[in-house]
Amino acid sequence: MTEAEIRALQAKEKAQAPVPAEGTRPGLVFSPAVDIFETEKELTLLADMPGVKADDLTIDLRDNVLTLDGEVKLPEVSDEEIVFQEYRTGKYSRQFNLTEMIDQSKIDAELKDGVLRLTLPKAEAAKPRKIKVKAS
Amino acid sequence: MLVRRISNWPNFRSSYDELDRMRWEMDKLFEGLTRGFYKESGAGVFPLVNMTESKDSFIVQAETPGIKSDDIDISVTHDSISISGERKIPAEKEEAKYHRREREAGKFSRIVSLPGQVDTDKAEATCVDGILTVILPKAEVSKPKQITVK
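Protein chains in written order, with the numbering used here: chain A, 15 to 150; chain B, 5 to 154.
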């Protein structure tokens, strides 16, 4: 790709997540931007969650529903005054219905520079099997 | 007249000024609603920036998930900061079939004016967990000074 072909990145306000139930603690909940792709062996999910530490991220998979929850901890005491604010901070939360069978024991998650990379290996039964058509 | 002067109102004379007065009042009202809460500067240029101020410095923060420190260039003058770079999303295996593609890659470049003078030599930047933080210590002239009343 040449220099000119790389397009300019657009500023986007984070989308607020549709929350099924309100949290008891007040605060904003955002829906992280994700990339999801699959190969024959696995399903991979990448999610932008800036400000989330590995310890504050929970990933849950049950009944084929994948739930991502990331807390952003703000410093409690601060003598700083806001000059201006263009983005807001809060939790991240998003759910997906998985149609593939996932091998739960081999799920791998990595959080780096605010991006989660979640690898969900397909269960043996869900992997496509090539079927040869015999000529009669 | 006295009331107006005390409450810091401009002195409106003719009926033409009445419109001006109403606009000024509306501005005041909205300013009061948004003050210190969520002021959108509406620059709309990546990266979106939050700026705070402490006694000694200005703190500029931006969300830059997935951008490596090496791919961010920051330069500071005495009254502005420029943030530029490129967000790269490495290509995945060729066989990968995408279900969703919401994350975007691209170049960015932005200048933010600072509300006061800073000491450029002491500016520091860190990038942790996808959040860029630049601490810009105020120059002596911008620091608040305590004056004792004699």
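Hints in this document: simulated from the structure, not taken from any laboratory.
Glycine included, every Cβ here is placed at the ideal spot set by N, Cα and C.
Heads up, some of the hints might be wrong.
Label-pair distances were calculated between CB atoms; the ranges are [to be verified]: (1) I121(A) - D74(B): 38 to 46 Å; (2) A137(A) - D60(B): 51 to 59 Å; (3) K126(A) - S88(B): 21 to 29 Å; (4) L23(B) - Q24(A): 33 to 41 Å; (5) L88(A) - E98(B): 35 to 43 Å; (6) V153(B) - Q24(A): 47 to 55 Å; (7) S88(B) - F98(A): 48 to 56 Å.
Hints versus structure:
no.	hint	verdict
1	I121(A) - D74(B): 38 to 46 Å	violated, 30 Å
2	A137(A) - D60(B): 51 to 59 Å	holds, 57 Å
3	K126(A) - S88(B): 21 to 29 Å	holds, 22 Å
4	L23(B) - Q24(A): 33 to 41 Å	holds, 38 Å
5	L88(A) - E98(B): 35 to 43 Å	holds, 41 Å
6	V153(B) - Q24(A): 47 to 55 Å	holds, 52 Å
7	S88(B) - F98(A): 48 to 56 Å	violated, 20 Å
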